[in-house]
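**Student:** This is what each chain is made of:
Number of protein chains: 2
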Amino acid sequence: MKEMIKDWKHIFKLDPDRQMTDDTLEAVCLSGSDAIMIGGSSGITYENTVDLLSRVRRYELPCVQEVSDLTAVVPGFDLYMIPMVLNTDHSRWITGLHQAAIEEYGYMIPWELLVPEGYIVLNPDSTVAKLTEANTDLEESSVTAYAQVADKLMNLPIVYVEYSGAFGDMAIVKEARQAISNAQLFYGGGICDEVTAREAAGVSDTIIVGNILYRDLKAALSTVSAVKSE
Amino acid sequence: MKEMIKDWKHIFKLDPDRQMTDDTLEAVCLSGSDAIMIGGSSGITYENTVDLLSRVRRYELPCVQEVSDLTAVVPGFDLYMIPMVLNTDHSRWITGLHQAAIEEYGYMIPWELLVPEGYIVLNPDSTVAKLTEANTDLEESSVTAYAQVADKLMNLPIVYVEYSGAFGDMAIVKEARQAISNAQLFYGGGICDEVTAREAAGVSDTIIVGNILYRDLKAALSTVSAVKSE
Chain G
1 MKEMIKDWKH IFKLDPDRQM TDDTLEAVCL SGSDAIMIGG SSGITYENTV
51 DLLSRVRRYE LPCVQEVSDL TAVVPGFDLY MIPMVLNTDH SRWITGLHQA
101 AIEEYGYMIP WELLVPEGYI VLNPDSTVAK LTEANTDLEE SSVTAYAQVA
151 DKLMNLPIVY VEYSGAFGDM AIVKEARQAI SNAQLFYGGG ICDEVTAREA
201 AGVSDTIIVG NILYRDLKAA LSTVSAVKSE
Chain P
1 MKEMIKDWKH IFKLDPDRQM TDDTLEAVCL SGSDAIMIGG SSGITYENTV
51 DLLSRVRRYE LPCVQEVSDL TAVVPGFDLY MIPMVLNTDH SRWITGLHQA
101 AIEEYGYMIP WELLVPEGYI VLNPDSTVAK LTEANTDLEE SSVTAYAQVA
151 DKLMNLPIVY VEYSGAFGDM AIVKEARQAI SNAQLFYGGG ICDEVTAREA
201 AGVSDTIIVG NILYRDLKAA LSTVSAVKSE
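Chains G and P are the protein sequences, given in the same order.
Going by the working numbering, the first sequence opens with residue 1, and the numbers climb by one from there.
Going by the working numbering, the second sequence opens with residue 1, and the numbers climb by one from there.
Extracted from the complex, chain G is given alone in its bound form:
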């Protein structure tokens, strides 16, 4: 089951806390994107998540949840992506909350569906950076070293370079990807058209496209063909 992510080049990330019409959702789900990821940094509830999942389930593409709040975990997703934020001083974002969650719900956790993501949070203005007090002011070599911790020490299947809200420094992403051996590099942040999609896809394994969906659907959909035609 987890192996399916290896083929994913493009993911649309939907925020349950934001509105999307049925027509838009249909266009997104039939766009040719490889998967839908449902999640966000704030306002995520069980209700809005289950509602969005049931709407996405009308379509055939895989749908995964990125878990940020335990009370919003909904059964029935294909996979559960588990962020572990690496560039923070507070261990709760790396392993602490995970330990607490496992202690409370361990007996009902579908381990075979869990995909841990080694997050490197790089936009200081993003909600997740503020929440985790991430050390975002990092040199290329620092980001690369975090990627190697995730890949070579923690054996995480995904290294997620996250610029949420801004288009990142592609040189940083490129170097990080070159330094890892087994993990898949996810890039997210500021992809808003064909050009940025192609640029990000050139230095990562998988691009995640989110915010632009809520601002310019046509531009968002163009990111799929940009990647797929590579």
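The hints are simulated quantities; they were obtained by calculation from the structure and are not laboratory data.
The hints are all genuine.
Chain G residues, not near chain P, derived (Cβ > 10 Å throughout):
| # | residue |
| --- | --- |
| 1 | Met1 |
| 2 | Met4 |
| 3 | Tyr59 |
| 4 | Val73 |
Partial list, derived from the structure: chain G residues whose beta carbon lies under 10 Å from chain P:
| # | residue |
| --- | --- |
| 5 | Ile82 |
| 6 | Val85 |
| 7 | Thr88 |
| 8 | Gly96 |
| 9 | Gln99 |
| 10 | Thr144 |
| 11 | Ala145 |
| 12 | Ala150 |
| 13 | Leu153 |
| 14 | Asn155 |
| 15 | Leu156 |
Everything numeric in this text was worked out from a predicted model, so none of it was measured.
Built from N, CA and C at the ideal position, the CB exists for glycine as well.
Fit chain P to the supplied structure of chain G, relying on the hints for placement.
**Tutor:** The following block gives chain P in isolation, referenced to the frame of chain G:
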């Protein structure tokens, strides 16, 4: 190379900061123990480590370094064990120091020889607990959850339950071991004779015997046969 640890049931841990005569070292190295681990929490230098390594190298058993101080890393060990302390609030002990080390020395790191250990530090009076400000006051279920973070999320090859200086609660160790699937459970702390060795070996995959070597050699050597005769 890393696979060799899977067969290890007994390890003697030697502290480079403590004296050991040639006769004692010979008895330790010919005891039938599976490996020598060199390391400690304080007073470890390049000089005392290289000295001890060269003395152990006269014998055939594998010799690994447990890395606690970068300035004391010595080339020529069979493997390098990399502690990642899980039950602390400070991310530097989980991934932070590792990231800094990789950033500085990444180009010369022999990745294929690195074995990360997910440490759960449980004796509040131990040097390592004080240094890392470990949260040692944990229920069985909390320790188990940390073990599962190491095993199932971080995919670490070793979960190391560490009571350094005291003999731990074997019920805790047993539950942690039963909850993990792939990782090997190392137990260390307070093993001082055949009885404690056998008890610890009954609930773990590998026991680590250290301090008693410096107090009662005969008792220390008896821990090998206690494990091997199982």
